[in-house]
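Q: Chains A and B supply the protein sequences, listed in that same order. Numbering follows our numbering, with no gaps: position 25 of the first sequence is 25. Each number in our numbering corresponds to the 1-based position in the second sequence with 285 added.
Be aware that a few hints might be false.
Claimed, not checked - Derived list of chain B stretches under chain A, where covered just means 3 residues or more per stretch with a C-beta under 8 Å from a C-beta of chain A:
1) 316-323
2) 331-343
3) 509-521
4) 629-642
These aren't lab readings, by the way, just hints derived from the structure by calculation. Backbone N, C-alpha and C define an ideal beta-carbon position, used for all residues, glycine too.
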Amino acid sequence: MFTSVDDVSARLARSGYLASPAVATTVFLADRLGKPLLVEGPAGVGKTELAKAVAEVARARLVRLQCYEGVDESRALYEWNHAKQLLRISAARDETWDETRTDIFSEEFLLPRPLLTAIRGDEPTVLLIDETDKADVEVEGLLLEVLSDFQITVPELGTVTAARRPFVVLTSNASRELSEALRRRCLFLHIGFPEEELERRIVRLKVPGIGAALAESVVRVVGALRAMDLRKAPSVAETIDWARTLLALGADALDEDVVRETLGVILKHQDDILKAGAKLDLDAG
Amino acid sequence: MSAEVTDRLVGLVAALRAHGVRVGTGETVDAAEAAAALGFADRGLLREGLAATLLHSAGQRRVFDTVFDLYFPHGVGAPQDEAGDRDDLRDRLAAALAADDEALLARLAIEAVDGLGGYGSSPGSDGWSSHQTLERLRPQTLLARVRDDVRARGGASGFADRLLEDEIRRRIEAFRALVAREARRRVAERRGRDEIARRAVAPTADRVDFLYAGKDRLAELRRTVQPLARRLATRMAARRRRAARGTIDLRRTLRGSLSTGGVPIRPVLRRRRPVRPELVLLCDVSGSVSGFSDFTMLLVQALHDQFSKVRVFAFVNRIDEVTRLLEHGAADPGGLGARIRAEAAVTGHHGSSDYGMALGEFAERHGAAVGPRTTVFVLGDARTNMSDPNLPAVREIAERARRLHWLNPEPRSLWGTGDSAAPEYAGLVPMHECRNARQLAELTGRLLPV
Numbered sequence: 001m002f003t004s005v006d007d008v009s010a011r012l013a014r015s016g017y018l019a020s021p022a023v024a025t026t027v028f029l030a031d032r033l034g035k036p037l038l039v040e041g042p043a044g045v046g047k048t049e050l051a052k053a054v055a056e057v058a059r060a061r062l063v064r065l066q067c068y069e070g071v072d073e074s075r076a077l078y079e080w081n082h083a084k085q086l087l088r089i090s091a092a093r094d095e096t097w098d099e100t101r102t103d104i105f106s107e108e109f110l111l112p113r114p115l116l117t118a119i120r121g122d123e124p125t126v127l128l129i130d131e132t133d134k135a136d137v138e139v140e141g142l143l144l145e146v147l148s149d150f151q152i153t154v155p156e157l158g159t160v161t162a163a164r165r166p167f168v169v170l171t172s173n174a175s176r177e178l179s180e181a182l183r184r185r186c187l188f189l190h191i192g193f194p195e196e197e198l199e200r201r202i203v204r205l206k207v208p209g210i211g212a213a214l215a216e217s218v219v220r221v222v223g224a225l226r227a228m229d230l231r232k233a234p235s236v237a238e239t240i241d242w243a244r245t246l247l248a249l250g251a252d253a254l255d256e257d258v259v260r261e262t263l264g265v266i267l268k269h270q271d272d273i274l275k276a277g278a279k280l281d282l283d284a285g
Numbered sequence: 286m287s288a289e290v291t292d293r294l295v296g297l298v299a300a301l302r303a304h305g306v307r308v309g310t311g312e313t314v315d316a317a318e319a320a321a322a323l324g325f326a327d328r329g330l331l332r333e334g335l336a337a338t339l340l341h342s343a344g345q346r347r348v349f350d351t352v353f354d355l356y357f358p359h360g361v362g363a364p365q366d367e368a369g370d371r372d373d374l375r376d377r378l379a380a381a382l383a384a385d386d387e388a389l390l391a392r393l394a395i396e397a398v399d400g401l402g403g404y405g406s407s408p409g410s411d412g413w414s415s416h417q418t419l420e421r422l423r424p425q426t427l428l429a430r431v432r433d434d435v436r437a438r439g440g441a442s443g444f445a446d447r448l449l450e451d452e453i454r455r456r457i458e459a460f461r462a463l464v465a466r467e468a469r470r471r472v473a474e475r476r477g478r479d480e481i482a483r484r485a486v487a488p489t490a491d492r493v494d495f496l497y498a499g500k501d502r503l504a505e506l507r508r509t510v511q512p513l514a515r516r517l518a519t520r521m522a523a524r525r526r527r528a529a530r531g532t533i534d535l536r537r538t539l540r541g542s543l544s545t546g547g548v549p550i551r552p553v554l555r556r557r558r559p560v561r562p563e564l565v566l567l568c569d570v571s572g573s574v575s576g577f578s579d580f581t582m583l584l585v586q587a588l589h590d591q592f593s594k595v596r597v598f599a600f601v602n603r604i605d606e607v608t609r610l611l612e613h614g615a616a617d618p619g620g621l622g623a624r625i626r627a628e629a630a631v632t633g634h635h636g637s638s639d640y641g642m643a644l645g646e647f648a649e650r651h652g653a654a655v656g657p658r659t660t661v662f663v664l665g666d667a668r669t670n671m672s673d674p675n676l677p678a679v680r681e682i683a684e685r686a687r688r689l690h691w692l693n694p695e696p697r698s699l700w701g702t703g704d705s706a707a708p709e710y711a712g713l714v715p716m717h718e719c720r721n722a723r724q725l726a727e728l729t730g731r732l733l734p735v
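So that you can see chain A by itself, here it is in the shape it has in the complex:
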């Protein structure tokens, strides 16, 4: 898919995703070694976006499995289309039971869910398993077969093996410890908050029309907030929101009033806002 790490960064950048060297390297390796990529990091640093961007540059179909508590085999792998099976049975009155029985467990009655869809396709595919940590432990077991051998066993049909390995991205906020077995099958990438320089570029890319000076101040203030040990440090998504807000308010530079009034855009807890306000001397003004 990619020829080099630079190729990854350049092509991702063209699709609007500015990758740090760590991100670009890992994406390159995941493609080269044919291994799934486990991406961890705080909310809003672009984990899901990464999968979307990879799909876009590789001109691949994006298949997404959104995990949640209670997601199970029939949501993740496949289901039998019961209604259609019933119809088939009632439509065929003069057939023998054996004929019907072999018939109703065929491809025609299979409803593929994300994992099977991603495995079966022969076009390039990016499989995004989003918020893996939200799923129950049992689902991890199910993922193991898919991720190590890229195959799925349907008891009635046999084993379906991928004709073409999908590029797999798993994301996690680490709200639950994923199993060691799952981690072993993946390359690990932690996306943290970006370096100042990179974040400035991201802001300017995502918020066109923002001045260089304002973008720089925004990133610096956000950097200072992250150093403050708050309950919820602002992430890239919040930086962008804030930059958009400031632009909409017509501010061309930061001052105390503007910051005080818009702090709620970047900080999500009242005590964080108070703390940041005190540290930034906002009350003086």
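Guided by the hints, dock chain B onto chain A, whose structure is given.
A: Leaving out everything else, chain B in the frame of chain A:
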């Protein structure tokens, strides 16, 4: 791949394993493949590539970075240029800090260690010291100068100006880390990588000894509280779910069997009344063990919705309730210890800890806090400054409580040495060695009541 590179990679993996990072052979092979795919031209890429293949969680990154620097150093030997003298270095450092030029800072760190960090002259006793380098260079004293320099150039104006000092402080911190890295590399060159990798690598946050953790490591430890608490909470919830299934209720099963002629076809399970356990923490907050009790208090606080009631008492030689200081949102982990000492009556006439007195006072004044549903944790090193350990008080508390556990942040080998009353207490109540976050997580997971 050449034998030399293979050796390095294997050495790196061995060093990682020695520091508690579990790396399998499969990962090592992946790492070699990654190295082959990435090439060795760009050290930064190689670092990311190896990290992606060898690591499994973000907490391991710090150890990895240090070990990587030793096995794949950014250079060998002394720098090419002749190092300037100290004042010249300081001037250039100030300029580099003002410009925030990372590449230049890295070069200056190399020069600084070479010029200022060497000590000794006889083989075997000489080496390179980051401490000595920083002591001579004093980068922290450049703060005002760099600030004025940046301001004079108009590099910061308006609102962002007030952030400048903190930013420069962070840059100086980063520079200090660079110096430490360079000194380690030079030493490793002389003494052998493997030995330095064993000795001079800071452990992952969950293995940092509570008693010896510096300020910055403590801050890092506190950041591990939230994920740790979440993990424990999931585990406890699962355990509670399993326990709630309960046992067979014989009486009701037999009554039900009357309709089937005495054959108990439907077993009836005893329904358990869901009772959330209560928890009482008695924490030694004297200077010597404060890091440990701070951390544990925060952890329990983060777990508080798992219990119907958590009460926390702090003591040095007198005991006082501090539950309100730990209330959600109010807890500022940084100043917690200081606030407890300021706002609660934890010391009497003197400032050293006295377990006997404090535990006695607890049994007497707050005894009602402990009942048959309460689990009590005592947190402290049991160093009671030669005063009476007051064993009857502990026995009394333990008898009132459902369970009492003592967590001791000292290594087991030190229990009973000097003024430690640990063996006496351990004879009465179960005492557990709890030196780092990993042990604490394991212990709390096991000991916390369902």
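Q: Confirm or reject each hint.
A: Hint by hint, here is what the structure shows:
1. 316-323: holds (count 4)
2. 331-343: Our answer is that it holds, as 9 residues pass the Cβ test (under 8 Å) against chain A, meeting three.
3. 509-521: holds (count 4)
4. 629-642: Result for this restraint: violated, n = 0.
Of the numbered hints listed earlier, the single one contradicted by the structure is hint 4.
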